[in-house]
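A.B. asks: For reference, the chains in residue letters:
Protein chains: 2
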Amino acid sequence: MAFNDEYFMKMALAEATQALEKDEVPVGCVVVSQNRIIAKAHNLTETLNDVTAHAEMQAITSAADFIGGKYLHNCTLYVTLEPCVMCAGALNWSQISKVVIGARDEQRGFINKNLYLHPKTEIVLGILENECSQIVKEFFRSKR
Amino acid sequence: MAFNDEYFMKMALAEATQALEKDEVPVGCVVVSQNRIIAKAHNLTETLNDVTAHAEMQAITSAADFIGGKYLHNCTLYVTLEPCVMCAGALNWSQISKVVIGARDEQRGFINKNLYLHPKTEIVLGILENECSQIVKEFFRSKR
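Protein sequence lines correspond, in order, to chains P and W.
Number 101 in full-length UniProt numbering belongs to position 101 of the first sequence; there are no gaps in the numbering.
Number 121 in full-length UniProt numbering belongs to position 121 of the second sequence; there are no gaps in the numbering.
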């Protein structure tokens, strides 16, 4: 299987599925450097009682720990749902090279807040958008 | 000594001083509930090699752990420097009751990005503004 955006987004979706199994809002992500996954995480805000425990926040900390430095240069984050303001702020500080987003989050995502990531950061939208959107929609439908 | 905003901002400044002693950007904060400090933290981004290790992020996690729930209702954060986008996003998720800010951060702070905290959150600006501003200014002056 080719190491392309769809491949790594599937890995992020597998993380989202792990969140779902814990009754967490199903968002997952992986950080990739040179075709290698160096960090992966899923949302754990309920499990940890901690609003900061979004998938991206954990993955940024974990990737930096792996690298041994705080900047995520030459790294790509694959995340199933558009990052919120908090996570976009953290990604900005990290100077990550690329962020690949599955589904948009029109209400909570950073894009409609007119926020920007670091000038060095490339953004790709819409990879496996349907699958990434569907898992979140079904979660919230089941909660009603 | 009265338990007023100046009192708790002094405690936040003491945390900032601890950051300074570690050669970190000197920002500190405390979380107060019913006149009791339930969490305190200072910036540790260099020490931990982690861009997410801002004082506020650590204090939010720590206060939620103390409370045993993720929402910081009936809590006040005293922070020496205006929170950045990441920390403002986290404070928004936390639904904290009140945020008291020492010095403004015109460039990196959330206010000039037209971001808002939670509708429930009261914001107070300018408590011990000079001291809070001075410690950061002196740090960056020493780095030039």
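Be careful, since some hints might not be right.
Since the list gives no way to pick one copy over another, a pair counts as held whenever it fits inside one copy or between any two copies.
[Claimed, not checked] Here are the simulated SDA-like pairs of lysine to any residue, each with C-alpha atoms no more than 20 angstroms apart in a straight line: (1) LYS120 to ARG108; (2) LYS98 to PHE3; (3) LYS143 to ARG108; (4) LYS120 to GLN107; (5) LYS22 to GLY69; (6) LYS143 to ASN114.
Hints listed in this document are in silico derivations from the structure and should not be mistaken for laboratory results.
A.B. asks: How do LYS120 and GLN107 come out at 20 angstroms by Cα distance, when the copy is not named: within, between, both, or neither?
C.D. replies: between (25 angstroms within a copy, 18 angstroms between copies)
A.B. asks: Given a CA cutoff of 20 angstroms, do LYS22 and GLY69 count as a within-copy pair, a between-copy pair, both, or neither?
C.D. replies: The answer is between: 17 angstroms across copies meets 20 angstroms, while 31 angstroms in one copy does not.
A.B. asks: Should LYS98 paired with PHE3 be assigned to within, between, both, or neither, using CA atoms and 20 angstroms as the limit?
C.D. replies: Classified as within: same-chain Cα gap 15 angstroms, cross-chain 47 angstroms, threshold 20 angstroms.
A.B. asks: Checking an output row: LYS143 and ASN114, CA cutoff 20 angstroms. Within, between, both or neither?
C.D. replies: neither (30 angstroms within a copy, 32 angstroms between copies)
A.B. asks: Checking an output row: LYS143 and ARG108, CA cutoff 20 angstroms. Within, between, both or neither?
C.D. replies: Within one copy only: 18 angstroms inside, 37 angstroms across.
A.B. asks: Taking 20 angstroms as the upper bound on the Cα-Cα distance, should LYS120 and ARG108 be classified as within, between, both, or neither?
C.D. replies: between (23 angstroms within a copy, 17 angstroms between copies)
When the structure is compared with the earlier hints, a violation turns up for hint 6 alone.
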